[in-house]
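Visitor: As given, the protein sequences belong to chains A and B, one line each in that order. Position 3 of the first sequence, counted from 1, bears residue number 2 in numbering that gives the first Met the number 0, the numbering being contiguous throughout. Position 82 of the second sequence, counted from 1, bears residue number 81 in numbering that gives the first Met the number 0, the numbering being contiguous throughout.
Keep in mind the hints are simulated off the structure, nothing from the lab. Quick reminder that beta carbons are idealized off the backbone N, C-alpha and C, glycines included. Worth double-checking, as some hints may not be accurate.
[Claimed, not checked] The calculated DSS-like cross-link candidates involving lysine-lysine, where the alpha carbons are at most 30 Å apart (straight line), are: (1) 81(A) x 118(A); (2) 81(B) x 118(A); (3) 81(A) x 6(A); (4) 6(A) x 118(B); (5) 6(B) x 118(A); (6) 6(B) x 118(B); (7) 118(B) x 81(B); (8) 81(A) x 81(B); (9) 81(B) x 6(A); (10) 118(A) x 118(B); (11) 81(B) x 6(B); (12) 118(B) x 81(A); (13) 6(B) x 81(A); (14) 6(B) x 6(A); (15) 6(A) x 118(A).
[What the hints assert, rightly or not] Short derived list, chain B residues pointing at chain A, Cβ under 10 Å: (16) 0; (17) 16; (18) 27; (19) 28; (20) 51.
[To be verified] Covered by chain B, per the in silico footprint, the following chain A stretches (three or more residues, Cβ under 8 Å): (21) 2-16; (22) 24-37; (23) 65-74.
There are 2 protein chains.
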Amino acid sequence: MPAMDLKQLRYVVTAAEAGNFARAAEALWLNTSTISRRVARLEEELGLTLFERGHAGVRLTPSGRAVIVYVKRVLAELEMVKCAGLQSGTGRVGEIRLGVRMENPLGASCQSGESFIRKFL
Amino acid sequence: MPAMDLKQLRYVVTAAEAGNFARAAEALWLNTSTISRRVARLEEELGLTLFERGHAGVRLTPSGRAVIVYVKRVLAELEMVKCAGLQSGTGRVGEIRLGVRMENPLGASCQSGESFIRKFL
DNA sequence: AACTGTTACGCGTACCGTAATGATC
DNA sequence: GATCATTACGGTACGCGTAACAGTT
Numbered sequence: 000m001p002a003m004d005l006k007q008l009r010y011v012v013t014a015a016e017a018g019n020f021a022r023a024a025e026a027l028w029l030n031t032s033t034i035s036r037r038v039a040r041l042e043e044e045l046g047l048t049l050f051e052r053g054h055a056g057v058r059l060t061p062s063g064r065a066v067i068v069y070v071k072r073v074l075a076e077l078e079m080v081k082c083a084g085l086q087s088g089t090g091r092v093g094e095i096r097l098g099v100r101m102e103n104p105l106g107a108s109c110q111s112g113e114s115f116i117r118k119f120l
Numbered sequence: 000m001p002a003m004d005l006k007q008l009r010y011v012v013t014a015a016e017a018g019n020f021a022r023a024a025e026a027l028w029l030n031t032s033t034i035s036r037r038v039a040r041l042e043e044e045l046g047l048t049l050f051e052r053g054h055a056g057v058r059l060t061p062s063g064r065a066v067i068v069y070v071k072r073v074l075a076e077l078e079m080v081k082c083a084g085l086q087s088g089t090g091r092v093g094e095i096r097l098g099v100r101m102e103n104p105l106g107a108s109c110q111s112g113e114s115f116i117r118k119f120l
């Protein structure tokens, strides 16, 4: 039996923002069935219901709202991993500073960390 | 091409603590080749070298040390996801408090969050 | 020889799209 | 009929263990 997966977490966040699985799937270039299946599996793994399924779409349950706060933090920290890599790659972090210069927009968005806050939290 | 995975992150942390891939694999009930492969892939995805490979084992590079800080945070927040679920499941969090009583050691370790700090950070 | 880490091969399985189903408006 | 979510089915791709390999002590 497979364990918790990062994709699941992204699907849940997108579904919560979209308000229904169909739009979430479209936004992620996936099929609706994928979202439905993965969300159901995460619910099973956590042992609780994250979404109320209605005929107009889905809505977070109170438990879902509690959980998704931490889910977003996981994803935000995950982005920080990439940034930590970029920064040390450009000589911004670490013990030895090489004279590497590199103009990359990704690096710019990593300097403050605010972009993730806006994106996930 | 597959994206970043939680397993990879756990493998990296374990390898860093173990000091070589063989012991890390043993600790995770896996084969050494699995650790080697997954670490290499994460390095490729991040575009930098996380470990210096020596004949006595492995050691984090400066970049590796920078990255692993955030990797541990991801894993710590991931544990918090499970705890958020448990707490709302036991009526500790959420808008409606039911009189659910449940003696579970997992719930106890979730109350402070310190166990994750000790485990990962 | 014992200990590292790396890599090709092959198998099992888990993921995902397709399509069919049910429910509501 | 147009939405919505769910689920069985089947092909594909990915992860992992086995085993062979190279280098160091």
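Visitor: Residue 81(A) and residue 81(B): Cα distance at most 30 Å?
Guide: Since the Cα atoms of residue 81(A) and residue 81(B) sit roughly 24 Å apart, the hinted pair holds (cutoff 30 Å).
Visitor: Is the Cα-Cα distance between residue 118(B) and residue 81(A) 30 Å or less?
Guide: holds, 22 Å
Visitor: Given that the region 65-74 of chain A was listed as covered by chain B, double-check it with a C-beta distance under 8 Å for 3 or more residues.
Guide: holds (count 7)
Visitor: Quickly compare the C-alpha distance for residue 6(A) and residue 118(B) to 30 Å and report which way the hint goes.
Guide: OK: residue 6(A) and residue 118(B) at ~24 Å, within 30 Å.
Visitor: For residue 81(B) and residue 6(B), compute the direct alpha-carbon distance and say whether it is at most 30 Å.
Guide: Holds, because 16 Å separates the two Cα atoms, which is no more than 30 Å.
Visitor: Between residue 118(A) and residue 118(B), does the CA-CA distance stay at or below 30 Å?
Guide: Answer holds: residue 118(A) to residue 118(B) is near 28 Å, not above 30 Å.
Visitor: Measure nothing beyond the straight line between the CA atoms of residue 6(B) and residue 118(A); if it is 30 Å or shorter, mark the hint as holding.
Guide: holds, 24 Å
Visitor: With a cut-off of 8 Å between beta carbons, are at least three residues of the region 24-37 of chain A near chain B?
Guide: violated (count 0)
Visitor: Going straight from one Cα to the other, do residue 81(A) and residue 118(A) come out at no more than 30 Å?
Guide: Holds, at roughly 15 Å.
Visitor: Is the Cα-Cα distance between residue 6(A) and residue 118(A) 30 Å or less?
Guide: holds, 16 Å
Visitor: Take the C-alpha atoms of residue 81(B) and residue 118(A), compute the straight-line distance between them, and say whether it is at most 30 Å.
Guide: holds, 22 Å
Visitor: Are the Cα positions of residue 6(B) and residue 118(B) separated by 30 Å at most?
Guide: holds, 16 Å
Taken one by one, the earlier hints fail for this structure at numbers 16, 17, 18, 19, 20, 22, listed in ascending order.
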